[in-house]
Structure formats: C-alpha cells, structure tokens
Amino acid sequence: MTGKRVTFAGTWLAALLIAPQLLLVFTFFYWPAGEALYWSFTLEPPFGGENQWVGWQNFKTVFDDPLYWNSVRISITFALASTALAMGMALLLALFVDRQLPGHKAYRFVYFWPYAVAAPAVGLAFRFIFAPDAGFVSALNQWYPGLWNPARDGIDAVILITLANAWSMIAYNFIFFLAGLQSIPRSLTEAAAMDGSGVLRRMADIQFPLLAPTFFFLVVINLTDSFVNSFGIVDITTAGGPARATDLMVYKIYSDGFKGKDYSLAAAQSLVLMLLVVSLTFIQFRFVERRVHYS
Amino acid sequence: MARHSLSIAALALAATIGAAQAQSPRVKFEYWYGLTGQLGEVMAEHCKRFNEAQTRFEAVCVGQGGYDRAEQNTIAAFRARQHPTIVQIYDAGTVNFMLSQATYNAVQFARDFNMKIDWNDYFPGIRSYYATSKGEMWSFPYNSSTAVMYWNRAEWARIGRTEPPATWEQYEKDMRALKATGSTCAMAFDMDTWQSMEQLSAIHNQPIATMGNGYDGLGAELVINKGLFPRHVANLKKWQDEGLARVQTAQTGKTIVQAFADGSCASMVSSIANHGVIGSTAREGLDWGVAMIPIYEGFTRHNSLVGGASLWVMANKSKEEYEAAAAFLDFVLTPAEVKWMPNVTGYIPITVPAYRQMLDEGFYAQPKFKGREVAMQSLTYTPPTEFTRGIRLGNFTSIRSEVRSELEAIMNGQKTVEVGLNDAVARSNQILRRFEQTFRGRSLP
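Going down the list, the sequences are from chains F and Z. FYI, the numbering used here numbers position 106 of the first sequence as 106, with every residue one higher than the one before it. FYI, the numbering used here numbers position 374 of the second sequence as 374, with every residue one higher than the one before it.
Honestly, the hints are just simulated from the structure, not real lab data. Predicted model only: the values in this text are computed from it and were never measured. For every residue, glycine included, the Cβ atom is placed at its ideal position computed from N, Cα and C. Some hints here could point you the wrong way.
[What the hints assert, rightly or not] Derived pair list, reagent style DSSO-like, types lysine-lysine, alpha-carbon separation capped at 30 Å: (1) K134/Z with K237/Z; (2) K116/Z with K259/F; (3) K259/F with K370/Z; (4) K259/F with K368/Z; (5) K173/Z with K259/F.
[Said to hold, decoys possible] Computed spacing ranges between beta-carbons, pair by pair: (6) E221/Z with V72/F: 20 to 30 Å; (7) E320/Z with N51/F: 15 to 25 Å; (8) L92/F with T416/Z: 20 to 30 Å; (9) V72/F with Q414/Z: 30 to 40 Å.
[To be verified] To spell it out: a stretch of chain F is covered by chain Z in this simulated footprint if at least three of its residues, at any positions, have a beta carbon under 8 Å from a beta carbon of chain Z; those stretches are: (10) 43–51; (11) 133–139; (12) 235–244; (13) 254–261.
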C-alpha cells in the first residue's frame, strides 16, 4: 500500500514542541505514580533508606481491613449523593437563569462564586453553620432536641460533608449547564413554543436531550472530584469522625500516609483509588457515552 | 541634570553594597517550627530575639503550619536534601526521629560544638520524655506543658465547696450536686487521648504499653484494655449519659477550652498551655482556678507527662550551620529566655534554675499567672517511673486516632467499653507490628 500519507516533515521540531508538555505530564503524573507503585510493593521507612520488597502484603493489609471496606462504601455513597445533589441543583438554577427570570444577570454572576472558595474554607463555614450547639442550624435542636448532631451521629456527619461538597460543586456545574442551555438554538425553543408546548415540555423534549453531552461530562467530573478532592472538606468539618463515619478513601490515605507516615500503606490505597476512578471513567465512556448524541 | 541624579543614585547604591560587605556576613541556618497562630508568632519572636542578641549568626525561621506539617515537611525535605538545621518536632514524632538516622543526637552535638548546656538543668520528667532508654538526650526539650484540671470556682461555690475535687470519686459527687443546682455541663471532655489516656495513666502509674511503654523496644503491645483506663472510660460514658459531662469539640460548636472559658461548662482537664488562652478569652468575671488532675481512690499519685515539642538537630549540614545552631540552642536555654516563654505563652519553664528564679521573683504570685505552679507540682510530683517517663510507640499518631475513633463509638453507644477498647488495642497492635517490620534491623536507642 503506497497511498499518500500526510506527514509532518519536521519530526524533531514537533518532538521539541511537545516536549515541555510531556515533561510536565511525566514529572507530575507518571513519575509520582510510578513511585507510588514501587512503594506499594515495599515497606518504605519515612526518611527513606533501605526499603524491603514485601510483594502483595500492603494490598492484603488494605483488603483484609473491614474498616477499609467501610471507607469504600462511604466514599461511593458520598460521591453518588453529592454528584446527584450538585448536578440537580445546578441544572435547576441554570434553567431559571436561562429563562431570564427577574435578576438573572446578577444570579449568573453570583452563582459562580462558591467555586472560588477553597475547600477548607467551605468546610469551616459549614462546620460553623451546622454546629449542633452553637451553629445556625442549632435552632433545629431547640425545636426537637437531638435531631441534628453531626458530632455524634454518623449519618448526620455524612449529610454534612455531602452538602458542603455539593455546595462547592454547584457553581462549576451551573456554568456548564448554563453555557449548554445558551448554545441551544433559540429557533428550536421558539418553534416548540409556537407549536404550543409549555415550559416543562420544552425542557423535557428539547433542552434535556440537547444537554446530554454536558450532562455526561459533568457526571464524570463530579464523581471523580468527589472521590479525589473531598479531603479538604472532611478534614475541617468532621476529621473523619464520628467513629470513622466520614472516613472517605482519600481521607484515609491522607491520615495513613501523612499523619501516620506509613507511606507504603497509603501508596497501596492510592493505587486502589486510582484504579477505581479509572474504571469508573472507563465504564462511563463505554456504556453511558453510547447514549449521548453530540449533535 | 537627570544624568547627574542618576550617578548620585549609582554612588549611593555602591555605598550601600560596600557597607553591607564591610559588615562581616552573618552565618545563616534554617529553623522550622510547627506552632501556628499566636504561638507561631512567639516562635518567630524567639528567633528575632536571638538575631538581635548577637551579630555572628542569623536564624532563618520558617513556620510550617502545624506540628504534623513540620514533621511531614522535614521528612520530604530530608529526602530531597533541602532540610533545615533545626526543627521543632512534637512529642509524638520522637520515635520517628530517633529511628530516622537523619539526626544529630543532642548529647553528641552539644559535645562536638562545645555547648554550655547542663543536662541536669532540665526537669527530670521533661528529660525522660525525650531521652533514650539509657537516659541519653537525643533532642533539646523546648516548649513544654502538662495537663491540669481547670475548675469554675463560682460554680463550685454554689454547692458549698471551696476546694476542687482531689479524687474522681469526689469529682463525681460534685458533678451530681452541680447538676442538682441546674448545671447542664459540670465537665467538658473530648476524645483527645492525651488527657484521658496518657496523662491519666501516668498519674496512676499505669502502663499504656508493654516493654516500659515502648522504651525497651519496637516489640511493645498496647495494654489499655486492662487496668484503670476501661474503668475511666466507663465513667466518662456514665457521666455523659447522666448529663453530668458533655462532649465538646470543634464539631459540636465549641471546644472544651471555649466551653470552659465562656462559662457553659464548669470544669475540664486540659493543657496548662491553655492557661493564657483562658485568661485572655474568659467571659468577664469568670472565677476560675487550676488544680492537679484528680486521682482515683486507692492509687498513689505520680508525676504527669510532659507535652509539647523538642528541637532536633538534623544531619548533613555544614560546620558553620552547626555552630550557628549551637549558639541558638544555647541562647534559648539561658535562664532569661527560658523565663521569657512562660511570660508570653502558657508553657512552663523547662529548666530548674529558671524556675527557681521565677519563684523568687514572684512570677506565680501575679494574678495573671496564678495557678501555673500547679503544672510544675504535677510534673515533678514523683521522679519518673517506668510508666511515667513517657510513651515511645511507633506511629503513635495513628494509635491516638484509632483510640479516639473507638472512644467516639463508645460514647455514641455503638460499642460497649470492653469491645471498643479491645478493638482499639487490636488495631493499634497491628500498627505497631507494621512499624516494627518497616524498621526491621533498626532498634530504639
């Protein structure tokens, strides 16, 4: 086969041009990931030095620990709940703003702010607002004593971190949904309106289907983010408690690795988390994306 | 004209550079500290005092944003060969540093650089916490504290008592009486094991772990599910359920210190380092005092443990940096500097000569510092024993957090005291075995 191949003559130039980017990816992703892989099969003393090969021992320790599976369960619940909440609320807000309800310009501007707030700050704010003794929500307890106590009740604590995480993700989702909605040609909506379909009907039959790609993208981003970025919120609001009720996988990695200085155990858990996120994303692309039509 | 002023500027610049060069450059060394907030400012101030007191050396002091961060960052920096000469490491990090092969042990360092230090100046309880099992110091004790009981005099006056409870049995009676007069929180407590497990075990001379609380080797096992601790935990649970004691944490809205300072809880056991905090944040007119932690009847009181941090000298630095570091360490140990620390914080004086001077100068008679002497009495109550010299367990931070989680489960009613503490011991022993395996071939000095 001697068909024409379009090639770029300056191979070296091309390599040179992409080198900085590749170097960055290598330095900040492949190298640390490789190091983690090595550590997860050895026992690494904190200050370095003679580490010993232990085979699968670290993984065995992780998987034999019932509390690890507890942590996996909590992480999945947390990721699903906060993704659903963050996307649902964001979609609702975006639809309102897209319909140009009164004040939409101000809202469009303000709704993005929460995303600019760092996770620890979000955690601190939620801890204060939802503190059972002194917080804003403590009024609930005066009305019905003991109803809300994330310091004692594990379910309340999970609700608290889910709300805090969702709150900070809503802003991000909102921008994407709004952009998605605004790129839907007006003529489609107008034609539907002329045919007599109401607001809800137009949402269901025109806007939602056309938003599918955005929706899909956001599900991937939100789930991944809930798995790997939620540590700041947990650290400040609940510190993994009460009685490990909010000990998310990523928080457990932090406490074992950075607080406990057990780098090998943390490395093994990071690999498990990485595989989980990779496979989740893979599943989404393989099975969910099929139902998404991009145009 | 413009050219003229430019050349003047150039001349001025040259003069400045010349002056800077004429003054012999100071030898710099880096010092990392973990404390933050007001205490962090005190650490920075201490460096400034050193830099102003002499002209040969300059301490470059960098706050690391917390004790754990200081340890993490030092480890990372050591691996990258970017570590500081001196680092402030908290009590629980002592084991990691002793086994690290990354430090310059204090006794050797003091000898090599002709420090003026007299090791016997330190209080025995402070010395033993940072010493090896053979009694050799590997780091320089620095900011130190111990736990005491804080009590609200006015509340106790309502039940006709003028003295704080000396025993837990009396404490329980007092709490019931307080409740009868309408108090909703006679005692604030949290799941921090430092007070309830470590200090309580020490004053009762109870072991926390085998092999002399871990001093004699990495093979130690936790034993907190036996002896006095289960009884104390059962009491805390009972008092909580009866409405005598209440859990106060950042998560409930107020920490024990905040709940005591605003008068909503009548007592607590906490670090003497909070003495200054309560003094400055207490509700107006709060009439409070400090006493030694109560003891259970039938036990003989022993010394309490020191808490806080010590200064470690790291390996692989230049001779000049070590000379500067030695000057700094000598400086912070002069009586004037040891005395300065309790004036600006709640920490205790760490050397006997400085403490004597403070007594003579009437430091403890000043209203602002009243009660601070209780910490010294508690810390020096008896000479340190096998179980009151300190705790030396691998990965103690994780053990603390395992015990804390189980205490939470017990207080929430998810587990009984027995099951909870057995689980805590089992999990902690797994941590200890992993630690032992990680450091296979090394042994505690």
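Taking the hints in turn, this is what the structure says about them:
Among the hinted pairs, K134/Z with K237/Z is inconsistent with the structure: their alpha-carbon atoms are about 39 Å apart, more than 30 Å. For the given pair, K116/Z sits about 36 Å from K259/F by alpha-carbon distance, which is inconsistent with the 30 Å threshold. With a C-alpha separation of about 36 Å, the suggested pairing of K259/F with K370/Z is violated against the 30 Å cut-off. With a C-alpha separation of about 36 Å, the suggested pair K259/F and K368/Z falls outside the 30 Å cut-off, and the hint is violated.
For the proposed pair K173/Z and K259/F, the alpha carbon gap of about 40 Å is over 30 Å, so the pair is violated. Look at E221/Z against V72/F: about 29 Å separates their beta carbons, and that is inside 20 to 30 Å. A hinted range of 15 to 25 Å for the beta carbons of E320/Z and N51/F is inconsistent with their spacing of about 33 Å. The supplied range of 20 to 30 Å is broken by L92/F and T416/Z, whose beta-carbon atoms lie about 46 Å from each other.
One distance hint, 30 to 40 Å for the beta-carbon pair V72/F and Q414/Z, is violated here, with the actual separation near 19 Å. Under the rule that three or more residues need a Cβ within less than 8 Å of chain Z, the assignment of the stretch 43–51 of chain F holds, with 8 such residues. Residue count for the stretch 133–139 of chain F with a Cβ under 8 Å from a Cβ of chain Z: 4. That meets the three needed, and the coverage hint holds. Check on the stretch 235–244 of chain F: 8 of its residues sit with their Cβ under 8 Å from a Cβ of chain Z, so the three-residue criterion for coverage holds.
Three residues within the 8 Å Cβ limit are the bar, and the stretch 254–261 of chain F against chain Z gives 6, so the coverage statement holds.
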